[in-house]
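Protein sequences appear in the order of chains Y and F. Residue numbers for the first sequence follow this note's numbering, beginning at 4 and rising by one. Residue numbers for the second sequence follow this note's numbering, beginning at 71 and rising by one.
Each hint should be verified, as a subset may be incorrect.
Computed from the model, here is a short list of chain Y residues facing chain F with C-beta under 7 Å [to be verified]:
{"#": "1", "residue": "Asn-57"}
{"#": "2", "residue": "Gln-86"}
{"#": "3", "residue": "Phe-92"}
{"#": "4", "residue": "Ala-110"}
Please keep in mind that the hints were generated in silico from the structure rather than gathered at the bench. Bear in mind that the values here come from a model prediction, so they are computed numbers and not experimental data. We put the beta carbon where it would ideally sit given N, CA and C, even for glycine.
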Amino acid sequence: MDNEDVVIEVKGLKKSFGENVIINGIDLTVRKGETVVLIGPSGCGKSTLLRCLNGLEPIQEGSVLLHGEPVEYGKRSLYKIRQKIGMVFQDYGLFPHMTVLDNVMLAPLKVQKRAKDEVKKEAMALLERVGLGDKAKSYPSQLSGGQQQRAAIVRSLVVRPDIMLLDEITAALDPEMVHEVLNVVLDLAKNGSTMIIVTHEMAFAEAAANRVILMDGGVIVEENPPEKFFKDPDTERAKRFLSTFSYSR
Amino acid sequence: MDWSFITEYYPLYIESAVLTVTIGGLGIILSVIVGILCAIARYYRIPLLNGIAAAYTELSRNTPLIVQLFFLYFGLPKIGIVFSSETCGVVGLAFLGGGYMSESILSGLLSVRKTHLEAAASLGLNGFQTMTNVILPQAASVATPAVCANVIFLLKETSVFSAVSLADLMYTAKDLIGMYYSTTEALTMLVIAYLIIILPVSIVFTLLERRLHRAGI
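Construct the complete structure from the given sequences, taking the supplied hints into account.
This is the structure we're talking about:
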């Protein structure tokens, strides 16, 4: 396998809050164009893992490399590296005092210092693509949760990141909105975006993932392509986890 | 009511009102600057400055303005630092107001949600860009009502300026009462003068708050 394809590489990652060990030794490599879906019970460390990949949390052991460059919490180099990592949060995080378009254009203009005309064209094209062309001038409070989350995805995309990290982005939405947001993500996955997605939506995981990773207790329990993982998982833990999503009487 | 008294002496009130507004205005502008600096020191927990700002806030908010003014006007000259009455008024008001402003502005800064800070960080914004583009605009709208209340409070506090020989409105009224015993006229004009100064400020602030409220921020 070609090393140039590696976007993010995690080696021996350990993370704890005080005595509480959240991530207990994780190795993970994500290649260009891959969509990796992280699943697992609440508190298994999957969201924390994503946050460590973006340098939002200090880590105790191991390393995170983006294209070979270390991602380190609190370092100056983070500002540059983070432009290559897009992150979308559960509660959207759109800035309430700016219109959708201003939210989307903030980073390209202020951080990347790109030309306004070009940024605006790209921003509008992306907003159109996720069905928000007519909402560009609206404020986040005027949008539904699903619309806000799609706008937040566009805000991350417009920076042209090498990898997108999606942290339970539909957890706060009602079912119809979940669908509209995940369709956008699925479209990205099909078009070769590199992504790590934390989700509880199993049907979506099956459709979007190239690789499914089950975490529990701060470690990777099973890692398999979706066809294998959902039909015939290797571990008992995965079987037990998947059984919680089906009902029978 | 002796109307001739009023027509004769109202120019004195205008003169002292100008002084009240000038010294008060300067003091308030300074207090906002002091408040922003202290709030930022405390928000980022800048070592040393955080402690100084916190201690200053408590000291300024928990001592009366008149004591602070006496300290500036009568105390400091004992150790060789002499300020004019005007300087004492401005500095004293800024000292008192800085503490109140710092509390109001800090609460605005702290109201910005963590997700917004993390979203800004993950977009690659540095600390300064986050402060100017994300934190301050949101903090400003949250802090505005409290800051406006402080401004009106400080305008009223200027009435103790006469204690350091500043010929402000209160001073003029007391002077006229002392000289002519026209208590009713002098006090009526005093109340009207304060209303003329403070009421428009209060109305403008109310409109401003209503607008912020409508913007839903």
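Checked hints:
A cut of 7 Å between beta carbons decides the hint on Y/Asn-57: the least distance to chain F is about 5 Å, and the hint holds. Proximity of Y/Gln-86 to chain F holds as hinted, the smallest CB-CB distance being about 4 Å (cut-off 7 Å). Against a cut-off of 7 Å between C-beta atoms, the interface hint on Y/Phe-92 holds, since the closest Cβ of chain F lies about 6 Å away. Against a cut-off of 7 Å between C-beta atoms, the interface hint on Y/Ala-110 holds, since the closest Cβ of chain F lies about 4 Å away.
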